[in-house]
Amino acid sequence: MRLTAPLPIAVLAIVGAVIGYTMWGQHQKLQQERAVTALVADTTTQLRQALTATPTREMFSRIDGNLRSLKAPRQPELTDAAEHYILGAREIVRRRLDAARFAQQAAAGRQALTAHMSAAGGSRRGEVWFRTALDLKKKVEREHFELDVTLKALYELLGSLPDAEKRLAPRIQPALLLDERLRVQAREQARADAERAAAVLEKVRRLAEAR
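Numbering (the numbering used here), first residue to last: 1 to 211.
Simulated from the structure, these hints should not be mistaken for lab results. Heads up, some of the hints might be wrong.
Below, computed lysine to any residue pairings styled on SDA-like, alpha-carbon distance capped at 25 angstroms [unchecked claim]:
1. 139 / 197
2. 166 / 65
3. 71 / 87
4. 29 / 164
5. 139 / 202
All figures in this text were calculated on a predicted structure; none of them were measured in a lab.
Model the full structure from these sequences, guided by the hints.
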């Protein structure tokens, strides 16, 4: 009897260890879920600000940092869904930043070309003047091309964001994701900006050809 007495104690110790490990695993899983949720929520805050105000490099860096911090090995499905959402948000903010920069450059280029075209009468337009005009026109075309590509990419990214949101929806509160109305408005704005930029470019082209 004395030989068999320690057996139940050993079994209890093993069961206790298993229960303790399971509880610790559940604790880690909950902590990781909270961490991922916080990263998603902060990403949405930065994205919302970038779509409703002037985007900044700080907003982009914040989202990029969220993406780098996304580590939850006990929550693989949540992590994967959050990664797609945060990555999409980061690229949207990147395109917003690029679009603002290209729009500013394009405006300056158009102004320089217009000023050059009006600077001299026909009799004073020599080889140097025409070469400069051609260079300025090429610069405007290039900057508008960059702007057009960026705005179209922004339009597409905003269109694909709901796919990432659908993957997160069963695992996170909908209020922590980007408002659908804001997303639609931002997407429509990107389309309108692209059309407006194309119209302005065409107007500058006609001005350059007329002179």
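Evaluated hints:
Restraint check: the Cα-Cα separation between residue 139 and residue 197 comes to about 15 angstroms, which is no more than 25 angstroms; the hinted pair holds. For the proposed pair residue 166 and residue 65, the alpha carbon gap of about 23 angstroms is at most 25 angstroms, so the pair holds. Our distance criterion of 25 angstroms between C-alpha atoms is met by residue 71 and residue 87, whose separation comes to about 14 angstroms. Between residue 29 and residue 164 the CA atoms are separated by roughly 22 angstroms; this keeps the pair inside 25 angstroms, and the hint holds.
As the CA atoms of residue 139 and residue 202 are separated by approximately 14 angstroms, the hinted pair is consistent with the 25 angstroms bound.
When held up to the earlier numbered hints, the structure conflicts with none and fits them all.
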